[in-house]
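Chemist: One letter stands for each residue in the lines below.
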Amino acid sequence: MIVETELVRDDIPIPEEHPAPVFQVRDVAVTYGGQPAVEGITMDVPSDRITALIGPSGCGKSTLIRCFNRMNDLIPGAAIAGRIDYHGLDLYGPNVDPVEVRRRIGMVFQQPNPFPKSIYENVAFGLRVNKMTDDLDARIEKALRDAALWDEVKRKLKTPATSLSGGQQQRLCIARALATAPDVLLMDEPCSALDPIATTKIEDLMHQLKTNYTILIVTHNMQQAARVSDRTAFLTVQGSEEEGIIPRGVLVEFDDTERIFTNPSDSRTEDYITGRFG
Amino acid sequence: MAVRIETLTRRRSWTTRFGDRLAEASLLAATAVGLIALTVLLWTVLDQGATALNWPFIRNFASRIPERAGIWPPLVGTIYLMLLVTAASFPLGVGAAIYLEEFAPRNRLTSAIETNIANLAAVPSIIYGLLGLALFYRAMNLGRSLLTGALTLTLLVLPVIIIATREALRAVPHSIRLGAMALGATRWEAVYKQVLPIAIPGIMTGTILGLSRAIGETAPLLVAGAAAFVAFTPDHLLDAYSALPIQIFDWVRRPQPDFQALAAGAILVLLALLLTMNAIAIVIRNRYYRRNR
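Going down the list, the protein sequences come from chains Y and L. Quick note on numbering: my numbering labels position 123 of the first sequence as 123, and the sequence is numbered without any gaps. Count along the second sequence from 1, then add 1000; that gives the number in my numbering.
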């Protein structure tokens, strides 16, 4: 099936450099209780590509990724300025329903967070709340297959999700997010709690998923960004207590991953990827 | 660096060893005091009350002649009270807790309400009795009715249920809520379908704790108009009623030893009722545990 998709892709030439943007981020700033977290973020997130957000701790990459599905709305005191367009629609416009946004834009968290229910019920939950309950079993099977988990769990769908290993739990969370057929998948350090073998499985999975989904991933691991992503955004912390400026995250550079890792245009990016940072 | 193994075999000083023993002995003694007191209490009650326990005692109405006296009206009154208090306090208490914990904005008003609820749980029960007397008995003109008693006890247990429910909700990891809402669930769907099932065991424990407190309360019912001598069982919310603690109180006050035995018998029935309630709670709790593990 993947082979077929690739054949189709070969038939239709897609301009490699500029696929249509899914998100257009314009001068976005986020504050928590009035304190700046990130500011001045402007970038276009291309569709059907993997975009990585990298940078040191505190650079606001997790804050930024939570803007794309309005998860920051759930944090008391968080406020966002600037504009994010999703397929040309202002994501923070007055008529936009954040619940509907989160249905279209799935999210996988840093720590696997399966519900303490059966594997089946974990995937069924999103389908139920979105009234996609026709062919429930088939949809659940498809989601688990898409997340490369089906063969491992098909005989124990009724067992508790918490009995799975950490890597399986994270793939279950991916399956859960894929079940409702989102358009974008946001992944906030999805492998930070996993061992290298589980990490490899998730990375392989991401490569398969990007033919159908736009993926945004926050990662601490530069090798991971280099391995999986097509585009990379490097953020860093600007300001310090000594300078009398509250530290906040800023976007240094956003380019093709290959270019970021071989020939970055900003010296700060180079310092970070060569390990000379801080 | 040299490893000093000699410390592994060195005996600790006499004072350290003695201190350890002393701590263990004191803690055991503390446990024993509670256990012994409870055993003596249960034994005395069983000894005195066992002879009084028989079917006529359960089914008979109040009487001045000890051999004819029974606990039927107060037993029925207590059961009705429990049903009414549960029906009123569970939805109100759990609802208030869900609002405060999951929906209310974090501001000064909310924290003022929270502090007040914590204080209300510590208010002496007779104060609730006086409130019930003023509000339900007089102002709402419900009189010395079953409803007055039930509403008074509801006020009494509400803070306990609210606090226990909030703690149970707070113990549910925040990631569960985020996970549910990231899938397109509304806040209510996340709470109702994911958070509440996990919190139910804790909520049940708190509710039973509150109801157990209510079932043995005497003072608020005395003040708010429960009767010790009722010749009928209530079959209407506005009927007069009695309750087991009231009956026990009434019998204990009397000088005749026969009535003391009756009081002990009534205490045994009250205990049995309480243990049944706790058993039901444990069954519900275990069922949810199994479902969630």
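It should be emphasised that the hints constitute simulated quantities derived from the structure, not laboratory data. Any given hint could turn out to be false.
What follows is a set of in silico ranges between Cβ atoms, one per label pair, in the way DEER data are often shown [said to hold, decoys possible]:
(1) 131/Y with 1034/L: 51 to 57 Å
(2) 1107/L with 145/Y: 43 to 49 Å
(3) 137/Y with 1127/L: 41 to 47 Å
(4) 154/Y with 1111/L: 22 to 28 Å
(5) 134/Y with 1108/L: 45 to 51 Å
(6) 1109/L with 256/Y: 41 to 47 Å
(7) 1130/L with 77/Y: 51 to 57 Å
(8) 1030/L with 136/Y: 53 to 59 Å
(9) 96/Y with 1109/L: 43 to 49 Å
(10) 97/Y with 1140/L: 51 to 57 Å
(11) 1130/L with 134/Y: 20 to 26 Å
(12) 203/Y with 1034/L: 55 to 61 Å
Beta carbons are placed, not taken as given, at the ideal position from N, Cα and C, and that holds for glycine.
Chemist: Give a verdict on every hint.
Modeler: Hints and how they fare:
no.: 1; hint: 131/Y with 1034/L: 51 to 57 Å; in the structure: 55 Å, holds
no.: 2; hint: 1107/L with 145/Y: 43 to 49 Å; in the structure: 47 Å, holds
no.: 3; hint: 137/Y with 1127/L: 41 to 47 Å; in the structure: 58 Å, violated
no.: 4; hint: 154/Y with 1111/L: 22 to 28 Å; in the structure: 49 Å, violated
no.: 5; hint: 134/Y with 1108/L: 45 to 51 Å; in the structure: 48 Å, holds
no.: 6; hint: 1109/L with 256/Y: 41 to 47 Å; in the structure: 52 Å, violated
no.: 7; hint: 1130/L with 77/Y: 51 to 57 Å; in the structure: 42 Å, violated
no.: 8; hint: 1030/L with 136/Y: 53 to 59 Å; in the structure: 56 Å, holds
no.: 9; hint: 96/Y with 1109/L: 43 to 49 Å; in the structure: 29 Å, violated
no.: 10; hint: 97/Y with 1140/L: 51 to 57 Å; in the structure: 43 Å, violated
no.: 11; hint: 1130/L with 134/Y: 20 to 26 Å; in the structure: 59 Å, violated
no.: 12; hint: 203/Y with 1034/L: 55 to 61 Å; in the structure: 58 Å, holds
Hints 3, 4, 6, 7, 9, 10, 11 from the earlier list are contradicted by this structure; the remaining hints agree with it.
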